[in-house]
Amino acid sequence: DAGITQSPRHKVTETGTPVTLRCHQTENHRYMYWYRQDPGHGLRLIHYSYGVKDTDKGEVSDGYSVSRSKTEDFLLTLESATSSQTSVYFCAIGGGPSYEQYFGPGTRLTVT
Amino acid sequence: GQNIDQPTEMTATEGAIVQINCTYQTSGFNGLFWYQQHAGEAPTFLSYNVLDGLEEKGRFSSFLSRSKGYSYLLLKELQMKDSASYLCAVTGFQKLVFGTGTRLLVSP
Chain A
1 DAGITQSPRH KVTETGTPVT LRCHQTENHR YMYWYRQDPG HGLRLIHYSY GVKDTDKGEV
61 SDGYSVSRSK TEDFLLTLES ATSSQTSVYF CAIGGGPSYE QYFGPGTRLT VT
Chain B
1 GQNIDQPTEM TATEGAIVQI NCTYQTSGFN GLFWYQQHAG EAPTFLSYNV LDGLEEKGRF
61 SSFLSRSKGY SYLLLKELQM KDSASYLCAV TGFQKLVFGT GTRLLVSP
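Residue numbers (my numbering), protein chains in the order written: chain A, 1 to 112; chain B, 1 to 108.
Treat the hints with care, as some may be off.
Once the Cα atoms are required to be at most 25 Å apart in a straight line, the calculated SDA-like pairs of lysine to any residue come out as [stated by the list, open to error]:
no., chain 1, residue 1, chain 2, residue 2
1, B, K68, A, S98
2, B, K68, A, P97
3, B, K81, A, P39
4, B, K95, A, E14
5, B, K95, A, G16
6, B, K68, B, R103
7, B, K95, A, E27
8, B, K68, A, E100
9, A, K11, B, K81
10, A, K57, A, T5
11, B, K95, A, V60
12, B, K57, B, S27
13, B, K95, A, S7
14, A, K53, B, G92
15, A, K11, B, Q37
16, A, K11, B, G40
17, B, K95, A, R108
18, A, K70, A, P39
19, A, K70, A, G95
20, B, K68, B, P7
21, A, K11, A, R108
Because the hints were derived from the structure by calculation, they are not lab data.
Build the full structure now, drawing on both the sequences and the hints.
Here it is, written out as structure tokens:
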């Protein structure tokens with residue numbers, strides 16, 4: 001199994017508060033991704049990174065920001081959480097668009 | 001943009017064969033992935049097709065026709081542990097786009 005962890009695994013927060021989710025890898029993969037998964041929508045890409053300090057938006061990036069200051073860490077920040085951001089968030093790592101991605105265990109976020 | 005269609009749910013019997021179809025429209029295509037996801041768990045990689053034809057890997061096979069924008073995942077000798085969601089995903093322009101997944105229920 002790929003060495004990829006996410007923290008926290010579960011979080012409940014209130015509307016309007018900032019939230020940061022962390023993804024950590026020990027595989028030295030260049031690409032890292034953040035997805036959210038919701039019933040009826042499947043997995044949707046929020047942001048991705050193709051190197052340290054190199055990031056780009058996915059299809060549902062509004063309300064989210066990311067940072068990657070080290071190869072092994074990719075942070076996802078919700079600046080001001082809303083109820084619509086209640087979801088399961090998955091981090092993934094990979095060698096690039098034509099390579100399989102390895103997913104972390106997920107973070108279940110509830111915004112009340 | 002990209003659009004991916006899969007059936008929402010399928011049922012099958014233990015020991016049988018099931019085919020899960022995926023159709024896609026995309027402005028750029030590099031390849032097609034299939035992932036398996038058990039309830040409450042992370043997706044795991046099953047197969048990757050970049051050229052037309054059938055790729056076989058044990059009980060699982062995946063087929064791609066780029067001209068038709070069509071793929072299928074074939075599962076043989078179904079086992080109870082194959083009950084899961086199967087996600088079709090298309091890669092292009094640096095990104096992977098997933099379909100909503102097909103939930104497969106295998107009954108005894």
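How the hints compare with the structure:
Restraint check: the Cα-Cα separation between B/K68 and A/S98 comes to about 20 Å, which is no more than 25 Å; the hinted pair holds. Only pairs whose Cα atoms come within 25 Å are accepted, and B/K68 paired with A/P97 is accepted, the gap being roughly 22 Å. Distance check on the hinted pair: B/K81 and A/P39 sit about 22 Å apart at the alpha-carbon level, within 25 Å; holds. Under the criterion of a C-alpha separation no larger than 25 Å, the hint pairing B/K95 with A/E14 is inconsistent with the structure, at around 32 Å.
Taking the CA atoms of B/K95 and A/G16, the gap is near 30 Å; set against the 25 Å cutoff, the hint is violated. A threshold of 25 Å between alpha carbons decides the hint, and for B/K68 with B/R103 the separation of about 24 Å falls inside it, so the pair holds. Restraint check: the Cα-Cα separation between B/K95 and A/E27 comes to about 20 Å, which is no more than 25 Å; the hinted pair holds. As the CA atoms of B/K68 and A/E100 are separated by approximately 23 Å, the hinted pair is consistent with the 25 Å bound.
For the hint linking A/K11 to B/K81, the alpha-carbon distance of about 30 Å lies beyond 25 Å, and the restraint is violated. This hinted pair checks out: A/K57 and A/T5 have alpha carbons roughly 22 Å apart, not beyond 25 Å. For a cut-off of 25 Å, the pair hint linking B/K95 to A/V60 stands: about 13 Å separates their Cα positions. With a C-alpha separation of about 29 Å, the suggested pair B/K57 and B/S27 falls outside the 25 Å cut-off, and the hint is violated.
Straight-line distance between C-alpha atoms of B/K95 and A/S7 comes to about 24 Å, which keeps the hinted pair within the 25 Å bound. Taking the CA atoms of A/K53 and B/G92, the gap is near 22 Å; set against the 25 Å cutoff, the hint holds. The straight-line distance between the Cα atoms of A/K11 and B/Q37 is roughly 22 Å, inside the 25 Å bound, and the hint therefore holds. For the hint pairing A/K11 with B/G40, the CA-to-CA distance comes to about 16 Å; that is within 25 Å, so the pair holds.
At most 25 Å may separate the alpha-carbon atoms for a hinted pair to count; B/K95 and A/R108 meet this at roughly 23 Å. Only pairs whose Cα atoms come within 25 Å are accepted, and A/K70 paired with A/P39 is rejected, the gap being roughly 32 Å. Among the hinted pairs, A/K70 with A/G95 is consistent with the structure: their alpha-carbon atoms are about 16 Å apart, no more than 25 Å. Distance check on the hinted pair: B/K68 and B/P7 sit about 17 Å apart at the alpha-carbon level, within 25 Å; holds.
Between A/K11 and A/R108 the alpha-carbon distance is near 6 Å, which keeps this suggested pair within the 25 Å criterion.
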